[in-house]
Each structure stands twice: as C-alpha cells, then as structure tokens.
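Undergrad: Join the two chains, each given in its own frame, into one complex according to the hints.
Here is how the chains run, residue by residue.
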Amino acid sequence: MKTQFNRRSALARLGATIAGALALPVARKAKAAVQYFLVSSGAPKGYDPKDHKWLICVDATKCIGCGLCAEACKKENGVPEGPYFRTWIERYIITKPKPGSEETRGETLVDSPDGGMHGFPECPVPKDQIEQSFFVPKLCNLCEHPPCVQVCPVGAAFKAPDGAVLIDPDYCIGCGFCVQACPYGARFLNPITHTAEKCTLCYHRITRGLKPACVEICPAEARIFGDLKHLAPDDPLQQFYETHRTQVLKPYLGTEPRVLYAGLDEEVR
Amino acid sequence: MTSQLTNAATEVMPAFTGYVYPNEATAHPIWSVLIVVYPYITGLVAGAFIMASLVRVFRVKALEPVYRFSLLTALAFLLCAPLPLLCHLGHPERCFEILMTPHLTSPMAVFGFVYAWYLMAVLLLELWFDYRHDLVVWSKTESGFKGILYRLLTVGVTDLSEPAVKLDARMGKILSIVGIPSAFLLHGYVGFIFGSIKANPWWGNPLMPIIFILSAMSSGIALCVFNYQVLTWVRRREMNMRCLDTMAMFLFYALVVDAAVEALDWLHRAFAAEEGFQVLQVMIREKLFYTLSVGQALVGTLLPFLLLGSLQLLRRRVPEVVRRRMIFSSAAMILVGVLAMRWNVVMGGQLFSKSLRGVMSHKFDFTGGEGWLMGLFLLILPFIILAMLLRLFLSERLPSSEPGPHSAAAASLP
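In order, the protein sequence lines correspond to chains E and X.
Read the first sequence against the numbering used here and you will find it ends at 253, with the numbers running on by one and no gaps.
Read the second sequence against the numbering used here and you will find it ends at 670, with the numbers running on by one and no gaps.
Heads up, some of the hints might be wrong.
Ranges of calculated distance between the beta carbons of each label pair, as one might list FRET restraints [said to hold, decoys possible]:
id	chain 1	residue 1	chain 2	residue 2	range
1	E	R(-3)	X	F314	42 to 52 angstroms
2	E	P83	X	F272	48 to 58 angstroms
3	E	A7	X	M376	17 to 27 angstroms
4	E	S(-7)	X	F533	50 to 60 angstroms
5	X	I636	E	S(-7)	43 to 53 angstroms
6	E	R229	X	F527	31 to 41 angstroms
7	E	Q113	X	D521	38 to 48 angstroms
8	X	P575	E	H178	54 to 64 angstroms
9	X	F272	E	G193	49 to 59 angstroms
10	E	P175	X	L360	22 to 32 angstroms
For the record, the hints were derived by calculation from the structure and aren't laboratory data.
Nothing here was measured: the structure is a model prediction, and the numbers come from that model.
Even glycine gets a Cβ: it sits at the ideal position worked out from N, Cα and C.
Chain X on its own, in the form it takes in the complex (with noise of 0.2 angstroms):
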C-alpha cells in the first residue's frame, strides 16, 4: 500500500500523442530504469580497465599510483554490472538458461558468456597475479578473519621465488594484453544489444558498439578521477598531482574522441535524414531536451571540453588547488553526462512508436522492483563493494612488500 502511494505521489502519468501500436501504449516502458544503469555499469567497468592498462602495456608510469586502484574499481562495478539486468527479468529464476541454452544469434546471450570470461578469465586472474606475492606476505602476517582471507585467496600458491614473481608480472601483462580487447569486447557488446535492433530507427546503427566503448572509456576514466581525489580527502593524504594531471590528459582525449564520432552520428542522421527522422527531431527537441542538450551535450561534453581543454593549455599557470577542482568537476561532469546518455539510447528508442507516427511518456515507479530507488541502489552499491574492497586490498595498514614494478604503486596509493 505504501509503495502505491509513494509511487502515485511521484510517477508522471503515461500520455500518447499521435499514433502508437495498441501494444505499446503501456504505463510503463519495457525496458526500465534499470537497463539505464546496465550499460552504464558496464562501461565503467571497461573505461577502468583501460585506465589500468594504460600502466601494464603501455607503462604510463605517472598512473602507477592508479593501477591497483583502477582495477579494483572496475571488480566491484563489474561484480554489479548484470544486476540490472536480473532484475529486470520477468523470470529471473530461469535466468541461468541464458549460460546453459544460450541462443547464440542474440547479443544478450552473447554477453553472458563475453561477462563471465571478462570477469572469471581477465580480472579476477590479473588480479590474483599482481596481489599474489602480497597475498602470501599479508596471510603470515594479518590474523583472524582477513588472514583466513588472505590465505584463502593465495590458493595455496605461497612460492616468492624470483622465478615466481617474474612468471606473476608476466602474466599480469599478457592477461592485461588479452583484456583491452576484451573489455571492448565486452562493453561492445552493450551497445550491440541496442545497436542490433534494426526495427528502431534510434537504436538500430552500426556505430552504436563503437560510441558505448568510447562513452565507456571516458565514463570510467572519469570515475578513477573522481574516486582518487574522494579517496585521497577521506585518507587525508597528499594528492599525485603528476598522475591526476596524467588522468586529466587521457579524460580529454577520451572525451575529444567520444565527442567526435557521437557528432558524426548525429551529422549522418541528419544528412541522411531517413524515413524516421521526423520523429527523432521531435524527441530531441521535445522528449529528451533537458537529458539530450542539456545533460549529454552542455553538461557532459561541452563544458568538461571546455575546462579539460584549457588546462591541457594552460596546465602550468594554473595553482594546484583550482586545477584539482577543474579536474574534479569535469569527472563529476562527465559522470553525468554518460549516464544522461544512457538515459537517452535506452529511453529514447522507447519513447516513440515504431509505427513512427507518435511519442509516448511512460511512468517510472519510486519504489517497486524497477523504480527509481531500485535504480539509485544498484548506482551506489557498486561503491560500497570498493569501499570494502579498498579496506581489504589497499588498506594503508597492510604492508606492500611486491619488490616488483608495482611497488612504486603500492607506495604511493593514497
């Protein structure tokens, strides 16, 4: 009874104009909230693991501070990016038939399998090789339940040979080289979902997997931005201004890049101006204004470019503390205005008639199994499984005693 009336007091009323198939005037959209925070989820997942990589194959050795930190990030979003979509289900019991009969022509079932190798072949892996030998050294040295952890997590596995260690950062970095395929493999398959489905003009591009992962890598850069500086005033510890500079760098290029090809979409839709497009205007202008224009476009895009841009110019002449901020509200900016984006993909192609001849406003529910609230938990719990993971893993207490490359990193984490 509460939930009806919380969701009465909040929900906007559905409402049609023109003309929609009888079975698309629903109340409430297919697709809900929920599949708003899926993509978007994922995407941090991938943009994160990019970041790390930056250091392994790369070696952008200002990100060392980073490295650990990034991945970690990317195991507590990537622990929740298929929440969202079990929720959603009308039979979520039945959902292990998509890993156990999966129909190989569909990209959700594609996913299931590219989701369980991301996580079981290349994060968890990359992650046990590079904490292996701290592993070994906190589980002799921590007690009670975060020895038993760590003991548990070493797999018995307690050589710290130099032969050990070196095969442990070989395969670090052979596992890194194999997931920045697969993390664009697996964030590319997030918008193939919506990119395959040929009957909604809004969904239905070729360019759709490339725009997800290059929102995707923007997204979750700007997620490491933000996290460190969050991390760095809990611990109150001194910032890395090379790395956050560093970060910065590879924000605005990610951005510049994603803009770019997310114009070149928009220009080809309106050069081409296919049977659809008339309704597609419609939804730009009315529909998803404040989302499209103000949030994707002004928020998420302009004026992060526009600050991003003038510190790459002007890095030196500006102190410390504003280019922190800069940096700050542009990762903040740019969180934001990805998740705009996924509002407006998901939304969007659901907000008009495939008869393309009216619009539709669907409710969205408060509380319920699909509302709003559902939506905002599965946002934050993501940061409380890194919460946990930070205190387990990059605990300031624990000693880092990896003689490897990467103990300029554990050093120097905040």
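One chain only, chain E, in its complex shape (with noise of 0.2 angstroms):
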C-alpha cells in the first residue's frame, strides 16, 4: 500500500493548522460581537452597557433587619416561593464567652429564616449574654472574577460591561454548575423555568435610570447604590466611600467582588 504522505501535503496541513490557530482570536471576537447582539439582558434601546460601571455599598451597621428589601425582591423579580433568594438577611448573634474561658467572644448564631423576609423571630439568647448582634444584608457580590461565569459551559452566565452578571434565560441548559461555583450562595435553579438565576441587580430598572428595588426601598438607606462612571460630588456613592472603610466577602478567593461592606464582623462569610 503506497502511502499517502508527502512534503507537499504536510507543508500543506501544517500551513492549514496555523491558519487555523491564527483565526481562533478573530472567531472569538466574532463570537463576542454575535454575543454582543444576540444575547437578552433585559435592557431598553440605546443603554449602553459600557458607559456604566455599577457598584454597590452595604453599610451593616445600619441595616435593621426589616427585611423589606428581600420582599421587594421577590415581588420586583418575580422569584418563586420557597428557598429561592436574589437577596437575603443574615441575623448574627454572638455571645459573651463563658467566664473562665479565655476566649474573647463564645458562640456565634446565625439565622435567616425566609431569607429574613418577614423580620426575624425573638431572640434565641437572653439579652445580657449577648455580646454582639448585627444584621448583614446579602445579595450577588458583582465579582469581577465571577466563579460562575467560568464554569458556565455555554455561555449563558456573562458579565455585562457595566459590571452586572446577568443570565440569558432562554439559552441556561439548567446544569446548575454556577449554583455549585458560587461561594457565596447567591444562585439557585428556578424550579419553574428550571434555570439559573440570581441577583440582576434589578437591570429592567437600573438600564431606566431607576435604583434597584432593594436599594429603593431600604428604610435605613443601608444599601447604596451607583454608578462610578457618572459620579457627582455629592452622590452617596462617593460620601460612603470618602467616609468609610470597606471590605469584600471572602476576599481570599481572588473573585474581586462589587459588593462593597462596610462594618463587617470577622464572623461574616
């Protein structure tokens, strides 16, 4: 059997596959700018995505607890019943050590019941042993390293320009690998639609010039919310900055998150 291979034939193969290599930058673009059309976010005409970066400020301190914000979510969002939360309260109680004990602090409880939509139930621990108690408000921390959008096997998960990492419904294959990668807890699988969802930080509204509902109606104001691109000196934005010290949750991960706190307890993960 003669065999088929010749120096012309394999500069030729060779030539092909480094044609081949050298497309992949060009078909990737191609692939974003089909992305960049084609994939739904939810926003009117003429938002452009890229001259907006959003970003939100949570001051713990002054979070009371309400639970109002949850609630607005769920109604705004249309986020079925059950265990399923773009946002959420965390209730943190932690206790005077025992005496003797050498310890600062004794034993930290936390609680969430209903996402702390309907407020939260009397306290478990008698007043004068605890030590500490705080409210944190949770919700999608806008990494800029999303965990979730790198797993998503088809691309559906996908950070927007303007910093908000939204979902196309319609092309989620409901595999629930972003569920899994996110540390923080804020995805789940719609049992109706059965796809991915989380916090879009309301984008029907914020691409309409509106605050997002948890932010709107937060009676304590301790959820700040704007746009680092269009910041006035006298936005909230730039007061909570100027007169705050903020940290991320779980920085250690490398995600980056967008989700700026202010008066965090060590505790708080």
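TA: Written as structure tokens, this is what we have:
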C-alpha cells in the first residue's frame, strides 16, 4: 500500500493548522460581537452598558433586619416562593464567652428564616449574654472575576461591561454548575423555568435610570447604589466611600467583588 | 400520583443543622444521584481502556484474551457516559449548545469535546482497525441482519492483503498510544469539573483530577476482572488463570497507587486544617461515615488490598478455586468502593453549606427523572449494551480468522 504523505501535503497541512490557530482570536471576537447583539439582558434600546460601571455598597451597621429588601426583590423579580432568594438578610448573634474560658467571644449563631423576608423571631439568647448582634444584607457580589461565569458551559452566564453579572434564561441549560461555583450562595435553580437565576441588580430598572428594588425600599439606607462612571461630588456613593473603610466577602478567593461592605465582623462569610 | 406515593415512602426528609445560605436550603441537592453515576461510568471507560492498552502498547501478552473484551467494555460504558448528565439538565433540549457555542473556560464544555474526541477519534477507530479483518470475513460468512451489519461496518474497505492488514495493526497501535493520554484527559477532566470549584473546600483541590484518574484505573480494571469471570461462568468455559492473575496484579498496583494518593490528599487536608476543616470533620464523622469509612476505606480499599496483596505474596500456595473467588470478591468490592468514592465526592460537596456553618440532609426521590431508579437503570444500561456488543463481536460462533497478533486473543476468549 502506497503511503499518501509527501512533503507538499505535509506543508499544506501544517499551513492549515497555523491558519486555524491564527483564526481563533478573530473567531472569538466574532463570537463576542454576536453575543453582544443576541444575548438578551432586558435592557432598553439606547442603553450602552459600556457607559456605566455599577457598584453597590452595604453599610451593615445600618441594617435593621426589617426584610423589606428581600420581599421587594421577590415581588419585583417574580422570584418563586420557597428557598429561592436573589437577596436576603442574615442575623448574627455572638454570645459572651463563658467566664474563665480565656476566649474573647462565645458562640456565633446565624439565622435567616425565609431570607429574613418577614423579619426575625425573638432572639434565642438572653440579652445579658449577647456580646454583639447585627444584620448583614447579602446579594450577588458582582465579582470582577465571577467563578459562576467561568464555569457556565454554554456562556449563558456573562458579565456585562457595566459590571452586572447576568444570565440569559433562553440559553441556560440548567446544569447547576454555576450554583455550585458561586462561593456566596447567591444563585439558585428556578423550579419553574429550570434555569439558573440570581440578582441582576434589577437590570430592567437600572437601565431605565431607576434604582434596584432593594435599594429603593431600604428604610435605613443601608444599601447604596451608584454608577462609578457618572459620580457626582455629592453622590451618596462618593460620600460613603469617603467616610467608611470597606471590605469584601471571602477576599481570599480572588473573585474581587463589587459589593463593598462597611462594618463587617470576621464571623461574616 | 404513584410516583408521589413511592417517593413519600422512601425519601429522607431534608434537614439542616447550623446555618446554611437560604438558597442552599432546597429539598433536593443541585447535583443528584445521576451526577454520582456520571463520573463512575466515565471512570470505568478510562480504566477499561487502559487495561486494553496494556496489551497493545505495553505488550503484556498474558492479557491478550481480554484485549477486545476490555475495548468493548469501554465502548459500552462510553456510550452511556453522557446520559446521566443529559437526564440531569434542566433543559436537555439545549444540550447541543455545549458543542455549538461552548464556553471554553468551563470544564463541562471542554468535556463535550474530549468525549467526542475519545469516542470518535480513539475508541471507535481503534475498534474498527482491530476488527476490520474479521468484519470483512464475517460479512461474507454471515447472513441476515448480522451480515448486513458487518458489511456496513466494513465501510466498503474489503482489502485483506498483507500490507493492508499490517497497516491495520500499525494504526491500532498508534491509536492505542494516543488513547492513553486521551483516556487520562477524559477522566481527568471529570475530576477537574469538581476540582475547579474553589468555592467548595471539599472539591476545590488540584489533586482531584489525579485521584479521579487513579480510581478510574482501579475501577476499570476491576470491572474487566468482574465481567471476565462472569462471562466465563455464563459461557461455561475454562478460565485463563494466567490472564486472571495478571489482571489481579495490575488491579493491586492500581489500588495501591490510588489509595496512596488519596491518603496523601487526606493527610494534607488534616495537616493544613484550613478554613472549613471543622465542617469537613463533621462530614467524615457523621454524614459520610458509612460511605466513606465503611464503603470507600474498608470495603473499597482495605479488604481488597489485603486479599490481592496476600495473593501477590502467596500466589503459588493458594488453590485455583480460592484464588478465583478472592480475585472476584476483590474486584466486586473495588467496584462498590469506587462507587462509594464518587458518592462521597459528589454528595459530600453538597452536604455542607458554603457558609461553612451548617450541614444539610437532602431528599432523594425513588422514582422520577433524577431518582434512585433512574440512577440504577443508567448503571445497568451499559451492561445490557455490553451483552449486545459481545453477542455481535465476541460471539463463540463467529470464526476468528484474524492472522495478526491478536489471533491468540480471539481464539482464547471465553
């Protein structure tokens, strides 16, 4: 049997391989362009995601645990009933150490019944035994390097240029990989649509010049929302920045969240 | 209604201790029993293929009787490998998006390509080159459905001249050599699906792909040992003890390396005792006691280690019947142990909250798309496919006319 290989065909194949490799970046750009037009985000026409950079700051010391934010979010976004939340509130109760225990603090109890949507029950620890007690609002951390986006096998989860991490529900295959990859427990599989869901910063609202529902309704102004690309000197975000030291959740994971917290305790994860 | 009733009777109600994020407090785990079956089946494929490569690439002559058998085992299981993933998807009708518009940073997306490569470019081709001579002969001697099938499978290439047959053998060897890293890649990637999740201290671990590959090798070889003995018994043939002893030897080595690396992983976890170690301890002591300490460590590792290890030392003194039984029970125990290992990995990562403050107990349905029955069906399905493949391609009635290096293999098959 005669072999089919000769120098010319080998060179032709090598050339084709190199051309293929060179075409990859172009193909990627083309894919990004197609995604730009085809991926639905719910934004109105004329909204340019490149002209904004959204940020949320949370002043944990201000949160009173009323749960209005969680309730407003459910209503605004049609989040199903049950253990499905785009935002929720956690209550932390840190007890005093036992006498002679040589500890600085006792036990840490955390709860979030119904995501804190209907407030919180009576404190299970007597008042005189509590060292500290506080509430922490939680939501999608708008990571700069979102692990949920990284693992999505089809690219249904994506980071918009304005910083919002979004999901195209018409594209999601419902594999649950992103739910597993989110370190903050901010994603869930919608039991009705069978697709992944998360906080979108109320994208349908913010792209029309409104605030997210949770920010709008918070009576204590614990959530501050703003656009870093259009920051006025008297902007609440600017003022918050100037007057608070902030930190993010689970910084060691390298996700670089864009949800900044003030007044967090080391117990908060 | 029946489904609801049976589920109500068999399911464990969900319960939570400590604090879990509200989104984690679901009744069912995000990844169900099917996702336990998925890496198990994929591992068996990789292991069975490595077993076949021992003959082709490493020229282990004693294993020739099980060469084709291992390849067919790999094929039967590979055909079923994506089914659990597919059944688990919220939108299975969109599954082709993984191949059409893949997101290349996702381990799951790349798995689609690795799978396609392994099935189309490695396993099917290797089998075709290996069987081509026989297919041509059978297509002439067999009639009816089988005859048509064999004729179709020859794809019109009926050249049986010496150079053509030599080329078959050469291609088979090249594909086998390419196949080894491909098999590693296939199952390594499954390990990477879990190992890449840094949010979860149970999963996020660079050793995960290696542990998956090593456990795949021991489970795949164990499967070949198990199936070989069952097939010999079903066909009432004499067992080739040299082949069985060699398989047992490789099974023992694979088990030792696998156990050593897994032990290293545990030692590291215990020594480093990073954040989350406390909750992992609760898992080991309480939540996964039966599947981890009993299933994986005792049944899946220690007992087969002792049985196979003693055989390595005292092989000549142990009577044949006892040896056969010892090897058979070791293989069965390793198969159970690796299944338990997959359970521990998949379920273990979902039994504690990512807040590291609480643990969950989930509900597992008996019936339904993601229930126990479905998992069991997907575990049995590859055996049914294997039985069909054996009937078609390893039948005792078919003449084995291949003059190549595997004539002995075909002749001494059970």
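Undergrad: With reference to the structure, classify each hint as holding or not holding.
TA: Hint check:
| no. | hint | result |
| --- | --- | --- |
| 1 | R(-3)(E) with F314(X): 42 to 52 angstroms | violated (30 angstroms) |
| 2 | P83(E) with F272(X): 48 to 58 angstroms | violated (31 angstroms) |
| 3 | A7(E) with M376(X): 17 to 27 angstroms | holds (23 angstroms) |
| 4 | S(-7)(E) with F533(X): 50 to 60 angstroms | holds (58 angstroms) |
| 5 | I636(X) with S(-7)(E): 43 to 53 angstroms | holds (48 angstroms) |
| 6 | R229(E) with F527(X): 31 to 41 angstroms | holds (35 angstroms) |
| 7 | Q113(E) with D521(X): 38 to 48 angstroms | holds (41 angstroms) |
| 8 | P575(X) with H178(E): 54 to 64 angstroms | holds (58 angstroms) |
| 9 | F272(X) with G193(E): 49 to 59 angstroms | violated (41 angstroms) |
| 10 | P175(E) with L360(X): 22 to 32 angstroms | holds (30 angstroms) |
In terms of the numbered hints stated before, the structure departs from hints 1, 2, 9, listed from lowest to highest.
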